[in-house]
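Turn these sequences into a full structure, and let the hints guide you.
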Amino acid sequence: MISKARKVLDIRELATELPHIRYVDPEFVYINLTTERAKKYSLNVKKGDKVYLGQIIGERDGGFFKQPIYSTVSGEVTDITTKRHLEFVVIRNDYQDTYCETIVDRSDAMIDAMSKADMIDIIKNKSLVGLGGSAFPSYIKVNTDKEIETVVINAVECEPYLSSDYRLVKDQPEQIFKGLKYLMRVLNAKRGMIAVKKTKKELVEVLEREVQRFNKDSDISIAKLADYYPQGWEIEMFKNALGIKIPSGVLPMEYGVIAFNVSTCASVYDAVKHNLPITKRYLTVNGDAINFPQSIRVRVGTNVRDLIKLCDGYKEGIEKINVILGGPMMGEAVGTDDVVVTPTTTSVLVFKDVDYHEETCVRCASCVLSCPVDIQPVQIMNAVKRNDKKSVEYLAAKKCIECGLCAYVCTSKIHVTDYVRKGKQLIG
Amino acid sequence: MMQMIEKNSPHLRRPTASVVRMMSDVAIALTPLVAFAIYQHGLTAVWILLAAVLSMLGTEYIYYQIQDYKNKEKFKLCNKSFTIYNFTIIVSGLIYGLIIPDATPIIVVIIGGVFGVFFAKLVFGGMGQNIFNIAAFARVFIALAFGGAVAVSNYLPQVDGVAGATVLGDWVISPFAQNDNFSLMQMFTGIGLPGTIGETSVLLILVGGIYLFLRKSFDVFVPLTYIATMFILAFAVMLRQDLGLWYPLTHVLAGGVMFGAVFMATDPITIPVTRPGRIYFAFGVGVLTFVIRLFGNLPEGVVFAILIMNMFVPAIDYAKWSKNHFTLKSSLIFAGVIIVTILSVVVGANYVG
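Quick mapping for you: the protein sequence lines, in order, are chains A and B.
Reminder that position 366 of the first sequence reads as 365 in numbering that gives the first Met the number 0, one-by-one numbering, no gaps.
Reminder that position 84 of the second sequence reads as 83 in numbering that gives the first Met the number 0, one-by-one numbering, no gaps.
What follows is a set of in silico ranges between Cβ atoms, one per label pair, in the way DEER data are often shown:
{"no.": "1", "chain 1": "B", "residue 1": "K322", "chain 2": "A", "residue 2": "G242", "range": "20 to 26 Å"}
{"no.": "2", "chain 1": "B", "residue 1": "W320", "chain 2": "A", "residue 2": "K384", "range": "17 to 23 Å"}
{"no.": "3", "chain 1": "A", "residue 1": "K308", "chain 2": "B", "residue 2": "L205", "range": "56 to 62 Å"}
{"no.": "4", "chain 1": "B", "residue 1": "Q177", "chain 2": "A", "residue 2": "K384", "range": "52 to 58 Å"}
{"no.": "5", "chain 1": "A", "residue 1": "E35", "chain 2": "B", "residue 2": "K79", "range": "37 to 43 Å"}
{"no.": "6", "chain 1": "A", "residue 1": "E207", "chain 2": "B", "residue 2": "F123", "range": "56 to 62 Å"}
{"no.": "7", "chain 1": "A", "residue 1": "R385", "chain 2": "B", "residue 2": "N296", "range": "38 to 44 Å"}
DSS-like cross-link-like pairs, simulated, lysine-lysine; straight-line CA separation at most 30 Å:
{"no.": "8", "chain 1": "B", "residue 1": "K215", "chain 2": "A", "residue 2": "K384"}
{"no.": "9", "chain 1": "A", "residue 1": "K279", "chain 2": "A", "residue 2": "K200"}
{"no.": "10", "chain 1": "A", "residue 1": "K244", "chain 2": "B", "residue 2": "K319"}
{"no.": "11", "chain 1": "A", "residue 1": "K398", "chain 2": "B", "residue 2": "K322"}
{"no.": "12", "chain 1": "A", "residue 1": "K238", "chain 2": "A", "residue 2": "K115"}
{"no.": "13", "chain 1": "A", "residue 1": "K398", "chain 2": "A", "residue 2": "K197"}
{"no.": "14", "chain 1": "B", "residue 1": "K69", "chain 2": "A", "residue 2": "K384"}
I should point out that these hints are in silico values taken from the structure, not numbers from a laboratory.
Backbone N, C-alpha and C define an ideal beta-carbon position, used for all residues, glycine too.
So this is what it looks like as structure tokens:
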């Protein structure tokens, strides 16, 4: 099939249609001490200590940023373990949810009196990060010195099979609007926008109802975008929502726009209003090898094994499975289900493992037609095979966003994305 | 025991993407033409098509068995390198068979098939590596090596008794003469038209092309550009030479343009990978076909044009300038090339005949 791929095979009806279930009280909660971005940490609790919900138990060091580590549950520290190269402190839940004494709500008058620097301080101290998957510290992003005109909230969720942002928008629209207002205040932005797929009719309905309440004193609008992959990539979103084309390698802030994931936006509200770090989030468990696909409200730090048990486990009679954290197009198959829900985990997908039979490339150029950044994956693949650095450079392999479409569309089932990744490494 | 796999993203693949689907679609699109060839030429067509397909298939089979033997591998009846599994060799064979004139001796067809698949495909490294279109290569080989034998039979209505007396054959002698023997309608349906066994029916070629377009098994921009180029050039010559609309229409309908555009110039392996590159390629094929027809000594230029443009594919795809979108610069250059081509063809047409 020689054609551009607009839509990716997507099965998320079950997870979006059914109401979400709550699973916020696991027996053990694992708090990650290191992340992919921050490899160093210091811990100021020890085994046997009693901790409260929202208590600072240490500090991560990511080189250019430092962020406090919060306990997301109240209980007793029992252990420090390592799972998949990341270190975790284990807390036994006492099911009391006793809040730390610093966690107090702010009144609206207090929030109104806050300065821009105060708000950035809150975002920094509550260790908020980009929840779309980047895990980039939000306070660095909002502390930009560029003049921002529009804040765009990304509720597109273009990855197939995912429904956690869907749930969030549907259940907590008010928090999103309030969070957006706080972000607009921090950034002195005049305009706010929530981008959502127009095919998600329920979300459009909810947002349009809510926007009536919030756009009286500020300019907030809904951008209804077409349903295709990768619509949620921020450059693509700006192009379709605002008509601003941002060349690759340039920060959107240069153009006066900034984007936040919808979960980040809600977490900003929680941090400013309730003084809470990220303690719970929506998560999708989906895939063709799971018995009961479901959206779940989970506590950050829950073991994925518990969640899979909650979804009736794996289907019988499947020999090989892929457990994927994140979406099927860009997520990572972790090779184990003994992993932990971190603030940036949007979903756990379990697929039957399919060994695709690779054939020789027939140069059908579906990858070239589909590429959202307008590069030629097949030519990069050929250049990588003959170790031709100059050609890889000419073909602008560094523009690649690793969206995975080239491998998705490949007629010969070649893993083109992997070759392009190698090409990116080749030119450094 | 369940095993959990560690893999790189993406974890999904397009269900409709497969080489077998693409190549079998081409084979399906060719079946009306095969049926028409057999209806028109009877057993002759059956023998030619069988010889074409089996000679290619057999060459490949023997080649890979010898390769296995040389590599000291155990003899297997079915080697995994055979391209019969994904229909490519059958498609090549069918296309090759369909562009052979009906009076061609079977032995010539077989020699062409063997040479074609060996020198155009196997020595380059098999499927996906070939530079030249296999069917076009085999066809040109027999046309050059056995010129006299590759001919159209005499049983069909003929003009002046010339072997290969198609409309285009006439134009070698008098380039702008209107041929009264065949109406445009006849050329469209292909009934009772002399020529190669499979190229004559434009109607059935269009049916195949529409099928391939609906199944998205070829790049529709290639045939469109090719046919548009042919038509526009012939139209420009028509205006200059004061001919009727029959002139450009005959150019498009007669001979192998339609067949070449739909089935040969779209072979993805031997064409560029970018959308503009494919348009340049198809434009080049169109210009070359027209130039060979008008100025050359040959009645037909489709296969030559395709083979010549195949050679330029690496140049079009050169990493430094290949882009999947038209830039301002490339569009200006391309527009300039189009204008220069039209002008030189129109001026050149004055000196023909």
